[in-house]
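Asker: Using the hints provided, position chain H relative to the given structure of chain C.
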Amino acid sequence: DQQVKQNSPSLSVQEGRISILNCDYTNSMFDYFLWYKKYPAEGPTFLISISSIKDKNEDGRFTVFLNKSAKHLSLHIVPSQPGDSAVYFCAASKGGTSYGKLTFGQGTILTVHP
Amino acid sequence: GAVVSQHPSRVICKSGTSVKIECRSLDFQATTMFWYRQFPKQSLMLMATSNEGSKATYEQGVEKDKFLINHASLTLSTLTVTSAHPEDSSFYICSARTAGTTEAFFGQGTRLTVV
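Chains as they are written, first to last, in the working numbering: chain C, 871 to 984; chain H, 394 to 508.
Be a bit skeptical, because a hint or two may be false.
[Unchecked claim] Derived DMTMM-like pairs: lysine to aspartate or glutamate, alpha-carbon spacing no greater than 25 Å straight-line:
hint, chain 1, residue 1, chain 2, residue 2
1, C, Lys-941, H, Glu-456
2, H, Lys-434, C, Asp-929
3, C, Lys-971, H, Glu-452
4, H, Lys-434, C, Glu-928
5, C, Lys-924, H, Glu-496
6, C, Lys-971, H, Glu-456
7, H, Lys-413, C, Glu-912
8, H, Lys-434, C, Asp-925
9, C, Lys-938, H, Glu-496
10, C, Lys-875, H, Glu-445
11, C, Lys-908, H, Glu-452
Calculated directly from the structure, the hints in this document are not laboratory data.
The shape of chain C in the complex, shown without the other chains (with noise of 0.2 Å):
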């Protein structure tokens, strides 16, 4: 039963245009969501996070949305450089004592191309 699921297992996009990458969840405990990167064999690299009583959290160039009645999030990268050439990976936890126990999407390779 995969409770977080990122469909787009890769995306391709020019450097200095919007990456979006996308997430879909089907567990309503879930409450705070979260972005990682990911180099092979490294661990993951956090990026932003959100919680669900906000549908937008900005960091710098990386944006997430949340529509909680779709059950779905989103990580914009903008502009996108070559630097961010990773997996991302899409993370959700319930809250309270379970903040840090995530169950993970699939992953999407994302490839930014000068």
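Answerer: Below, chain H alone, put in the same frame as chain C:
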């Protein structure tokens, strides 16, 4: 930012032997630590959650007698893969969190190869 150090980064062991992986929080107290496993081209799957001084809670399908987790201090958790077999070859990653916070910070991961 908070730093989590995982050691070793890669290890090769013979089938039937045991291997220990360490996860340390360097600049904060890790009241809770999490262990994940990632098979090639797959997602990270939570194996177990451990709170300092308590027994670990294992996810469904994870053998607690095979994957021994110890979290004896607020800065160190260990995962021991006992009687390792080639199918245990994987990338193991820990994360750590302080009570009352929302973020968990990840270690660099350990590539285990059982031959």
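Asker: Now, for every hint given, state plainly whether the structure supports it.
Answerer: Taking the hints in turn, this is what the structure says about them:
no.	hint	result
1	Lys-941/C x Glu-456/H	violated, 32 Å
2	Lys-434/H x Asp-929/C	violated, 28 Å
3	Lys-971/C x Glu-452/H	holds, 11 Å
4	Lys-434/H x Glu-928/C	violated, 29 Å
5	Lys-924/C x Glu-496/H	holds, 17 Å
6	Lys-971/C x Glu-456/H	holds, 18 Å
7	Lys-413/H x Glu-912/C	holds, 18 Å
8	Lys-434/H x Asp-925/C	violated, 30 Å
9	Lys-938/C x Glu-496/H	holds, 21 Å
10	Lys-875/C x Glu-445/H	violated, 31 Å
11	Lys-908/C x Glu-452/H	holds, 23 Å
Hints 1, 2, 4, 8, 10 from the earlier list are contradicted by this structure; the remaining hints agree with it.
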